[in-house]
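Make a model of the complete structure from these sequences and hints.
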Amino acid sequence: MSQSEETPTTGAHDALIASVRQVLREVVEQLPDEATLGELVDAARKAPMMERALGHFTVAELIEAAQRGAVAARAQRAEKAAKAEDATPQVIRRRADVPDGDIRVLACLASQGPVRESEIATLTKLTSDQARLVLRNLKTRGFVHFEGSGAKRRVRITRSGSSHLRRVERESARRKASA
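Just so it is clear: in the sequence shown, position 176 is 176 by our numbering, and no numbers are missing.
Treat each hint with caution, since some may be false.
In the SDA-like style, the derived pairs of lysine to any residue whose C-alpha atoms are separated by at most 25 angstroms in a straight line are [claimed, not checked]:
| # | residue 1 | residue 2 |
| --- | --- | --- |
| 1 | Lys125 | Leu37 |
| 2 | Lys125 | Arg153 |
| 3 | Lys139 | Ala121 |
| 4 | Lys152 | Gly113 |
| 5 | Lys125 | Gly150 |
Rather than coming from a laboratory, the hints here were simulated on the basis of the structure.
This is the structure we're talking about:
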């Protein structure tokens with residue numbers, strides 16, 4: 001069927017699907033970044049406009065919409081934070097601040113051995129900027145050491161870094177045992 005032969009019901013159907021997709025995008029944008037597919041489907045079912053229209057979507061379309069929404073939300077937050085304040089050391093550190101970033105990196109180095117900075121970012125699920133800033137902090141505290149240069153540059157944990165990691169792990173184990 002060509003576009004000139006398109007029936008009014010087909011045009012209305014396409015318009016309905018387009019509006020439902022827009023509503024789905026709004027539902028996805030309201031969910032937290034860590035939302036699972038099940039939470040997405042539950043939220044979509046609770047939206048009044050979405051109840052009848054869920055039959056028009058495949059799971060792949062739901063996943064694609066969820067990924068686009070999460071990436072866009074993260075990008076907006078990062079852009080807003082970058083514009084909000086000056087780039088003083090405290091602000092830079094706060095932007096990179098991950099509650100357990102130091103421990104994640106030290107645990108990764110303890111289990112993997114010497115690795116490249118890019119591998120640390122991947123293994124610890126931090127952004128490259130976050131990993132770089134966490135590593136800089138760990139280096140000033142003497143917990144990590146950089147070996148080599150250029151493409152062969154690797155990061156390894158030091159003795160003081162290992163003892164700090166063990167101490168933190170013991171403290172967290174005590175807290176869990178007492179709770």
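Each hint tested on the structure:
1. Lys125 to Leu37: This hinted pair holds, its Cα atoms lying about 20 angstroms apart.
2. Lys125 to Arg153: Given pair Lys125, Arg153 holds - Cα atoms ~20 angstroms apart, limit 25 angstroms.
3. Lys139 to Ala121: Holds. Lys139 to Ala121 sits at ~16 angstroms (cutoff 25 angstroms).
4. Lys152 to Gly113: holds (14 angstroms)
5. Lys125 to Gly150: Holds, at roughly 23 angstroms.
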